[in-house]
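Novice: Model the placement of chain B on the given structure of chain A, informed by the hints.
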Amino acid sequence: MRAKDIALDGLFRQNPTLKLVLGTCPTLALTTLAMNGIGMGLAVTFVLTCSNVIISLLRNVIPQKVRIPAYILIIATFVTIIRMLLNKFLPDISASLGTYLPLIVVNCIILGRAEAFASKNPVGAACLDGIFMGLGFMAALTLMGAFREILGSGSVFGVKLWDFSIGFFTQPAGALFTYAMFIAVYSMIYSAVVARKKKSADTSEDRSEKGVTADV
Amino acid sequence: MAKKESTLRCVATLTVIAVVCALMLSVLNFLLYVEAGADDLVGVYPKLDGYVWSVEETAQGDYGAGGKISVVALGKKDGAEDYIGVIVNTEKNGKLNPSTYAMFFNKSTDTLEYAAFITEGATGGFDWKYAEAHAGGDDVSTGATALTALLSDENATEGAKLKTWLQLVNVKITSESVLDFTSDIPKTGATRTVTATYNAFNMAARYYYNVYVKGVKS
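Protein chains in written order, with my numbering: chain A, 1 to 216; chain B, 1 to 218.
Chain A on its own, in the form it takes in the complex (with noise of 0.2 Å):
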């Protein structure tokens, strides 16, 4: 797999949040500030990116019976040591994401990732799978978050925009409004994209055969 497919795969086609609907406790409940997305991004991303790199290395090792304990606790791990990170050097950023930051442990991604292309990768593909998804992740929560920040809140990143909001955005109900919305735009999108390369593909197609008839 060539590493331009593991990105775009990542950020767009296969887009974890928008594409493939995984982890969507953490984007629900954080998205109320751009931050949150950020923060929460960053410590899925470095997750993932490390556990991934391990259970690539240790795919052949790994007996199957054994290889969702063992695929946790090597996540656990991770995870602990992004709480310590973020403890000792972001805790304000930690205090936001509270008890979501601990719950990477069981986040679908992660785990999701770890089975069906960690294990079954070579390390470097197993990285960058690791990188792209979480920096799709990211970008889908960090978007969500501005959106409803903007809206419910009237300001974006913390700097105040104006002093318009509508309460409802920072709600439960405004998250999933927020949600559904975002992945509607995003299958609008991904249909004109593959509708658009389908209709290259078959014009590339027909002119080839058309050269073909003509060289014949």
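Heads up, some of the hints might be wrong.
Here are the simulated lysine-lysine pairs, DSSO-like style, with alpha carbons at most 30 Å apart [claimed, not checked]:
(1) A/88 to B/76
(2) A/4 to A/199
(3) B/107 to B/214
(4) A/120 to B/3
(5) A/88 to B/68
(6) A/4 to A/120
(7) A/120 to B/4
(8) B/76 to B/214
(9) B/47 to B/214
(10) A/197 to A/4
(11) A/197 to A/120
(12) A/88 to B/92
(13) B/68 to B/92
(14) B/107 to B/68
(15) B/77 to B/214
(16) A/19 to A/120
(17) A/19 to A/199
(18) A/88 to B/77
(19) B/68 to B/47
(20) A/65 to B/4
(21) B/3 to A/65
(22) A/198 to A/19
(23) B/77 to A/160
(24) B/76 to B/107
Simulated from the structure, these hints should not be mistaken for lab results.
Please read these numbers as outputs of a predicted model, since none were measured by experiment.
Specialist: Chain B only, in chain A's frame:
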């Protein structure tokens, strides 16, 4: 035979991964350890909701063995009484980890109003919540008596003085004696937790008495 080997391999693999992870975390825990701060006092005593805590300089001195006073903070709120919050880190007392206690003194009445674990070093067996609930309910006198005894025993010279100002209002501390009449509660390890509690209370009480009652900053 093959099945047995396979099982052994599974167990061995998981054990090796667990040991490596535990070793790595132990090293990192040592490197990235964060000392307790005034923020750790927030939310511990429900009555002090909305208080703002500012760290006070910790006076050096001998306030008893078995632990260390890590944070002393002044809690303020508009129109309300001032409080002193003290965080004490105990020694391990034979447990896997040390305990951390938060204690709250009402500055206007010089009473120790509330105490609670921030982290309990016990490996299990001491049902703190249960004991705490009993000490704070109908059995409040049992908890208060136990604490008074602890303080007076440990502080033979200052015990009498301590008892005069320490009214033990709303005491939430208990001791093993509280568990004596709840024989269905397992007591494994309780003695060590009580020792840690004993040390922590003595240190906090001695500190408060010396610095805020006597006003001596040694």
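Novice: A separate judgement is required for each hint: does it hold in the structure or not?
Specialist: Structure-based check of each hint:
1. Our distance criterion of 30 Å between C-alpha atoms is met by residue 88 of chain A and residue 76 of chain B, whose separation comes to about 27 Å.
2. With a C-alpha separation of about 22 Å, the suggested pairing of residue 4 of chain A with residue 199 of chain A holds against the 30 Å cut-off.
3. For the given pair, residue 107 of chain B sits about 13 Å from residue 214 of chain B by alpha-carbon distance, which is consistent with the 30 Å threshold.
4. Among the hinted pairs, residue 120 of chain A with residue 3 of chain B is consistent with the structure: their alpha-carbon atoms are about 25 Å apart, no more than 30 Å.
5. For the given pair, residue 88 of chain A sits about 21 Å from residue 68 of chain B by alpha-carbon distance, which is consistent with the 30 Å threshold.
6. Between residue 4 of chain A and residue 120 of chain A the CA atoms are separated by roughly 18 Å; this keeps the pair inside 30 Å, and the hint holds.
7. At roughly 26 Å between alpha-carbon atoms, residue 120 of chain A and residue 4 of chain B fall within 30 Å of each other, so this suggested pair holds.
8. With a C-alpha separation of about 21 Å, the suggested pairing of residue 76 of chain B with residue 214 of chain B holds against the 30 Å cut-off.
9. Only pairs whose Cα atoms come within 30 Å are accepted, and residue 47 of chain B paired with residue 214 of chain B is accepted, the gap being roughly 27 Å.
10. A hinted pair counts as satisfied when its Cα atoms are at most 30 Å apart, and residue 197 of chain A with residue 4 of chain A qualifies at roughly 16 Å.
11. For a cut-off of 30 Å, the pair hint linking residue 197 of chain A to residue 120 of chain A stands: about 29 Å separates their Cα positions.
12. This hinted pair checks out: residue 88 of chain A and residue 92 of chain B have alpha carbons roughly 23 Å apart, not beyond 30 Å.
13. A C-alpha spacing of about 12 Å is found between residue 68 of chain B and residue 92 of chain B, which places the hinted pair at or below 30 Å, so the restraint holds.
14. With a C-alpha separation of about 22 Å, the suggested pair residue 107 of chain B and residue 68 of chain B falls inside the 30 Å cut-off, and the hint holds.
15. Of the supplied pair hints, the one linking residue 77 of chain B and residue 214 of chain B holds, its CA atoms being roughly 25 Å apart against a limit of 30 Å.
16. Straight-line distance between C-alpha atoms of residue 19 of chain A and residue 120 of chain A comes to about 22 Å, which keeps the hinted pair within the 30 Å bound.
17. In summary, the hint linking residue 19 of chain A to residue 199 of chain A is supported, as the alpha carbons are separated by about 22 Å, within the 30 Å threshold.
18. Restraint check: the Cα-Cα separation between residue 88 of chain A and residue 77 of chain B comes to about 28 Å, which is no more than 30 Å; the hinted pair holds.
19. Between residue 68 of chain B and residue 47 of chain B the alpha-carbon distance is near 26 Å, which keeps this suggested pair within the 30 Å criterion.
20. At most 30 Å may separate the alpha-carbon atoms for a hinted pair to count; residue 65 of chain A and residue 4 of chain B meet this at roughly 13 Å.
21. For a cut-off of 30 Å, the pair hint linking residue 3 of chain B to residue 65 of chain A stands: about 12 Å separates their Cα positions.
22. With a CA separation close to 19 Å, the supplied pair residue 198 of chain A and residue 19 of chain A stays within the 30 Å bound.
23. Between residue 77 of chain B and residue 160 of chain A the alpha-carbon distance is near 28 Å, which keeps this suggested pair within the 30 Å criterion.
24. The hinted pair formed by residue 76 of chain B and residue 107 of chain B meets the criterion: a straight-line CA distance of about 11 Å does not exceed 30 Å.
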